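With the hints as extra help, turn the sequences into a complete structure.
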Amino acid sequence: MSMGRSPRWLVPVAIVALLWNLLGCAACLADALVGPEEVAKMAPAQRALYEARPAWALAATAAAVLGGALGSLGLALRKRWAYPLLAISLAGLIVQDFGLFVLAGGLSLAGPAVVAIQGAVLLVAIALALLARRALARGWIA
4 MSMGRSPRWL
14 VPVAIVALLW
24 NLLGCAACLA
34 DALVGPEEVA
44 KMAPAQRALY
54 EARPAWALAA
64 TAAAVLGGAL
74 GSLGLALRKR
84 WAYPLLAISL
94 AGLIVQDFGL
104 FVLAGGLSLA
114 GPAVVAIQGA
124 VLLVAIALAL
134 LARRALARGW
144 IA
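Following this note's numbering, the numbering of the sequence shown begins with 4 at its first residue and continues without gaps.
The hints are simulated quantities; they were obtained by calculation from the structure and are not laboratory data.
Please note that a few of the clues may not be correct.
[Said to hold, decoys possible] Now the in silico label distances, taken between C-beta atoms and shown as ranges: (1) 97 to 40: 27 to 37 Å; (2) 53 to 28: 17 to 27 Å; (3) 7 to 43: 53 to 63 Å.
Values in this document were obtained by computation on a predicted structure and should not be read as measured data.
For glycine and all other residues, C-beta sits at the position ideal for the given N, C-alpha and C.
Shown next as structure tokens:
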């Protein structure tokens, strides 16, 4: 498939998305490196939520942030593999949120600010996956 002329805003948006997802990678790494001392210092509700997360939800988080970062890089480079990676990122985020909020009882433990932030993250992930799908369909990426 030949590449069509992409809008001028596509690469700058993809670069901002890459930076956004790199922040997610840093947060995921920081979370993975939390030691027992730091867990002991957490507020009781935060500690309960941290300890209740299933391991597969943590794997989903890693898939979400890595897929998001690599997919955003692909979008900036105008590569067709951006779409499946951003779709994986979205799926990982949905699985992570299910594990966090539904199974681990995070809705009652996290508070409204965390729920609002995760909602914003979900909206960004949806928007990026839809953007990559549209870019692929219109020939902006190949």
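Results of checking the hints against the structure:
1. 97 to 40: 27 to 37 Å: Cβ of residue 97 to Cβ of residue 40: about 32 Å, so the range 27 to 37 Å holds.
2. 53 to 28: 17 to 27 Å: holds (19 Å)
3. 7 to 43: 53 to 63 Å: holds (56 Å)
Checked against the numbered hints above, the structure violates none of them.
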